[in-house]
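> Protein chains in written order, with my numbering: chain Z, 1014 to 1303; chain P, 137 to 320.
Rather than coming from a laboratory, the hints here were simulated on the basis of the structure. In this text the structure is predicted, and so the values were computed from the model without any measurement. Among the hints, erroneous ones may be present.
Sample of chain P residues lacking proximity to chain Z, with all beta carbon distances greater than 12 Å (derived) [what the hints assert, rightly or not]:
1. L145
2. F147
3. D148
4. R149
5. E177
6. P199
7. D200
8. A268
9. F274
10. S296
Calculated lysine-lysine pairs in the DSS-like style (CA-CA distance at most 25 Å, straight line) [said to hold, decoys possible]:
11. K216/P - K297/P
12. K264/P - K198/P
13. K297/P - K1120/Z
14. K1021/Z - K299/P
15. K283/P - K1021/Z
16. K1120/Z - K311/P
17. K1186/Z - K1103/Z
18. K1205/Z - K289/P
19. K257/P - K216/P
20. K283/P - K1216/Z
21. K1021/Z - K1113/Z
22. K299/P - K310/P
23. K1113/Z - K1103/Z
24. K310/P - K1021/Z
25. K257/P - K289/P
26. K283/P - K299/P
27. K283/P - K216/P
28. K1216/Z - K1113/Z
29. K1120/Z - K283/P
Cβ atoms here follow ideal geometry from the backbone N, Cα and C, with glycine treated the same way.
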Amino acid sequence: MRADYLIKAIGCINGALVDEAEDYRPKRKNRTWIWAAASAACLLIIVGAVCLRSSGRFLIAEDGHADKHIVVHTGGKAERYTDYTAVAEKGTVTITDELKTLLDQHKEPEEIAPDGRMAEVFFNVHVYDAGGAGADNVYRTCLEPLGIRYEEHEGFSESGIISLTREQILAVKCPPQYALVIEPLVVEINEKYLDTVGTDTLKVRVILNVDFEELLEGVEVGDRSEVIEEHVSMLSGEYTRDYGINGISAEYSGLYNASFIGEFNVELIAQMIADPRTERVCIDNSEKYK
Amino acid sequence: MDDKEIIELYFDRSEQAIRETAERYGGLCVSIAYNILGSREDAEESMNDAYFAVWNAIPPAKPDSLRAFVCKVARNMALKRLEFNTAKKRMPNAIIPFAELEEMITDGSSPSDVSDEELGKLIGIFLKTQSADARCVFVRRYWYFDKVSDIAKRYSFGESKVKSLLSRTRNRLKKFLIMEGYEI
């Protein structure tokens, strides 16, 4: 067969395909979704660990969100270090700059889950009193009145982590005796942040850059886990070898997340941030509350 | 004026139909012809032939999509002109991606017992089984003859992703056609 013959034959495809290619707007490469799913997995692991340790139960919300597709955004970006504990004022809810940015970015529940369902946007956050009041008191005073509840709420008492919608976050009221701070669970950092951090090492989560969409194209559903695990294993092996941090391997969470946690020198972290194989490097705030 | 009204003008044999068509789809058609011929002048000249062909085709044709119909005619006219230019060795800027398709072809012959339409229909069936990204990238490259860089820009993909999608789709199409009994 000759190429010109093939070109002519392609010219005879259905007009609907021609129209489609002209009008087609790919779904936004939804890294937010992937990131959200990955973060949701992290949260479930973290909260789950805390909850299981205490009560064996997971967080649910009163209006039955547990039955829906919960999407949690946790990727606030930080360019500088702010000690929000120091700036929080009594009687005021301090929403951190990183969280404000996230809230602005996701005003509408526009994210579509891969299965086509409209996803509800939740944000994994810490809610705490800068004055040191226990999370249990914070929960009872500030969250419970909003209709937010745990099946067993000891999880929040220990971790300070909760999953809230934008509306819920904005509705939180601070009684005069508290100085509430709400911040994202995980904060992406960049080099400017490293300049201000003032320590030699940082414990961070490094998320590897994997184009899952491309990787899984044409792969049967049943084979996907194997393909991802193989790819993540190869990628993380190569990555950690390059940085001389052998012994740490990336985890594949099952929700499109390839990442590892470690405490590294700030200069090494700067190199990782600049590495195109890195999707992002995050401060994992959950460590503060363990 | 919408497509339906323009088609009605053709049926009424009103020359306004051509003006409306040119206004609505002229730019798109010229860009396809330009992609094929690599010359603005040749592309615009081939469009005159295309409008005339559309005028002669409607009626009796009553296309579901006027845009696709007109673009197809423009594409065919430009390809004819390309053949003419090739014969006259006048194709300095033609960018039609023959080489990419030749990669998937092992036999240089042209099957005599299969029509363009028949094979096109089969390719259409194959494309419908592909992801929307792969399908649209393929059509942009081999139907509209867009450059890889233009496709990447249009769909906000990386060029490497476009090349990768094209390569995989070509390979799968080759397998599909072989399975369907086509010696390519």
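> All the hints need checking, so say for each whether the structure fits it.
Structure-based check of each hint:
{"no.": "1", "hint": "L145", "verdict": "holds, 20 Å"}
{"no.": "2", "hint": "F147", "verdict": "holds, 19 Å"}
{"no.": "3", "hint": "D148", "verdict": "holds, 23 Å"}
{"no.": "4", "hint": "R149", "verdict": "holds, 23 Å"}
{"no.": "5", "hint": "E177", "verdict": "holds, 22 Å"}
{"no.": "6", "hint": "P199", "verdict": "violated, 7 Å"}
{"no.": "7", "hint": "D200", "verdict": "violated, 6 Å"}
{"no.": "8", "hint": "A268", "verdict": "violated, 7 Å"}
{"no.": "9", "hint": "F274", "verdict": "violated, 8 Å"}
{"no.": "10", "hint": "S296", "verdict": "violated, 9 Å"}
{"no.": "11", "hint": "K216/P - K297/P", "verdict": "violated, 32 Å"}
{"no.": "12", "hint": "K264/P - K198/P", "verdict": "holds, 24 Å"}
{"no.": "13", "hint": "K297/P - K1120/Z", "verdict": "violated, 31 Å"}
{"no.": "14", "hint": "K1021/Z - K299/P", "verdict": "holds, 22 Å"}
{"no.": "15", "hint": "K283/P - K1021/Z", "verdict": "holds, 18 Å"}
{"no.": "16", "hint": "K1120/Z - K311/P", "verdict": "violated, 46 Å"}
{"no.": "17", "hint": "K1186/Z - K1103/Z", "verdict": "holds, 11 Å"}
{"no.": "18", "hint": "K1205/Z - K289/P", "verdict": "violated, 31 Å"}
{"no.": "19", "hint": "K257/P - K216/P", "verdict": "holds, 21 Å"}
{"no.": "20", "hint": "K283/P - K1216/Z", "verdict": "violated, 45 Å"}
{"no.": "21", "hint": "K1021/Z - K1113/Z", "verdict": "violated, 55 Å"}
{"no.": "22", "hint": "K299/P - K310/P", "verdict": "holds, 16 Å"}
{"no.": "23", "hint": "K1113/Z - K1103/Z", "verdict": "holds, 19 Å"}
{"no.": "24", "hint": "K310/P - K1021/Z", "verdict": "holds, 16 Å"}
{"no.": "25", "hint": "K257/P - K289/P", "verdict": "violated, 29 Å"}
{"no.": "26", "hint": "K283/P - K299/P", "verdict": "holds, 11 Å"}
{"no.": "27", "hint": "K283/P - K216/P", "verdict": "holds, 20 Å"}
{"no.": "28", "hint": "K1216/Z - K1113/Z", "verdict": "holds, 24 Å"}
{"no.": "29", "hint": "K1120/Z - K283/P", "verdict": "violated, 37 Å"}
Checked against the numbered hints above, the structure violates hints 6, 7, 8, 9, 10, 11, 13, 16, 18, 20, 21, 25 and 29; every other hint is satisfied.
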